[in-house]
Amino acid sequence: MDREKKSERKRLTIQLLWTLLTNAFVVGFARGSIYQGKLKSICVPGLNCYSCPGAIASCPIGAMQAVLGSYEFRLPLFVTGFLILVGTICGRFVCGFLCPFGLVQDLLYRIPFPKKWHTFPGDRLLRYLKFLVLAVFVVALPLLVTDLIGQGYPWFCKLICPSGTLMGGIPLIGLNDSLKESIGLLFAWKMGLLIFLCLVGVVLCRPFCRYLCPLGAIYGLLQQASFYRLSVDQDACISCGQCARVCPMACEPTKRPNDMECIRCGRCKAACPTEAIDLGFSKQKKNSRP
Amino acid sequence: MKKNQVSMLLLLLGCVCLGAGWLRGENGVILAKAIRICLECVGIG
Ligand code: SF4
Ligand code: SF4
Ligand code: SF4
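Residue numbers (our numbering), protein chains in the order written: chain A, 52 to 341; chain B, 1366 to 1410.
FYI, nobody ran anything at the bench for these hints, they're computed from the structure.
Treat the hints with care, since some could be wrong.
[To be verified] Here are some chain A residues the structure puts well away from chain B; computed CB gaps all over 10 Å:
1) Glu59
2) Arg62
3) Ile85
[Claimed, not checked] Distance condition first, Cα-Cα at most 27 Å in a straight line; then the derived DSSO-like pairs of lysine-lysine:
4) Lys306/A to Lys1367/B
5) Lys1368/B to Lys306/A
6) Lys57/A to Lys167/A
7) Lys231/A to Lys61/A
8) Lys57/A to Lys231/A
9) Lys56/A to Lys167/A
[Unchecked claim] To spell it out: a stretch of chain B is covered by chain A in this simulated footprint if at least three of its residues, at any positions, have a beta carbon under 8 Å from a beta carbon of chain A; those stretches are:
10) 1374-1384
11) 1387-1394
Keep in mind that this is a model prediction, so the values were computed, not measured.
Glycine is no exception: its CB is placed at the ideal position from the N, C-alpha and C atoms.
Using the sequences and the accompanying hints, generate a full structural model.
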């Protein structure tokens, strides 16, 4: 097995194990209910819906909106601190290895299709959209649009999040007749968005991560400061461009090793013919581009 | 300021925020939200 396949298989195994571990409440799938233990007061690093029947901890984006919308607190110190810590330690390694919705999109991209898109004109610019999603739907709306008692709503969950639809909506509605009776236009919109993203995801790798995910935006902002880094040994690099060709996020590791779009998947490292790429917590070597 | 110093400062800031949020009881709000089926996540609320 060549190095690239081996590295991808290892990553897939970690992604699957992590998803199973953090969604281990199997009783929830049998009963159509969710876990109600104390662990749910803390967060997992990835976009793992707390309304998934199996989820044993909380989604950081859901938790952030819950505190922003609560009339007693508003400022979400706990979640912000958690995200700063995780992002500073490992940046978007979370996206490459520890996010169930990242895993779903990786699996979709493995489906054979005659023509896959690596990137397209405007791809880079569109990626700034996720910062707008973060600012408007995760922060501003839950904070500013409140009901009579001053309670805000999780607008990102309500109008956008396909992870919530897939992990929470589909299994819970499928297992509960009372919920089934309540579905309407909003559910149709969220299902439509999920299906659209899944279809695009067969052709283009991780469209939701590229353009819409507010969690990816936060970790991306911290990528430059992260201790888990990618570096390229300029002496060993022969500028063949192989690393950029295999990158699922259309990054150019030799030009921007710590690009905020890099999900630390390690494909470039495995594909480099001269082993010029290093990825990890290790100290930077001489002549390497940080 | 060197990159490593910025990272160390961020780590410190992260710990302070996390601890402050924990001490003032934000986790109660998170728990209360996460143990009830969230209608917004599901797509009906
Ligand atoms: S709907 Fe999405 S953002 Fe909201 S809690 Fe679920 S996974 Fe998190
Ligand atoms: S960008 Fe969002 S959905 Fe994608 S892997 Fe990262 S946290 Fe998960
Ligand atoms: S630059 Fe390398 S590690 Fe980063 S996403 Fe691309 S292939 Fe993966």
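Evaluated hints:
no. : hint                  : in the structure
1   : Glu59                 : holds, 29 Å
2   : Arg62                 : holds, 25 Å
3   : Ile85                 : violated, 6 Å
4   : Lys306/A to Lys1367/B : holds, 21 Å
5   : Lys1368/B to Lys306/A : holds, 18 Å
6   : Lys57/A to Lys167/A   : holds, 22 Å
7   : Lys231/A to Lys61/A   : violated, 39 Å
8   : Lys57/A to Lys231/A   : violated, 43 Å
9   : Lys56/A to Lys167/A   : holds, 19 Å
10  : 1374-1384             : holds (count 9)
11  : 1387-1394             : holds (count 6)
The structure fails to meet hints 3, 7, 8 from the earlier list, while all remaining hints are met.
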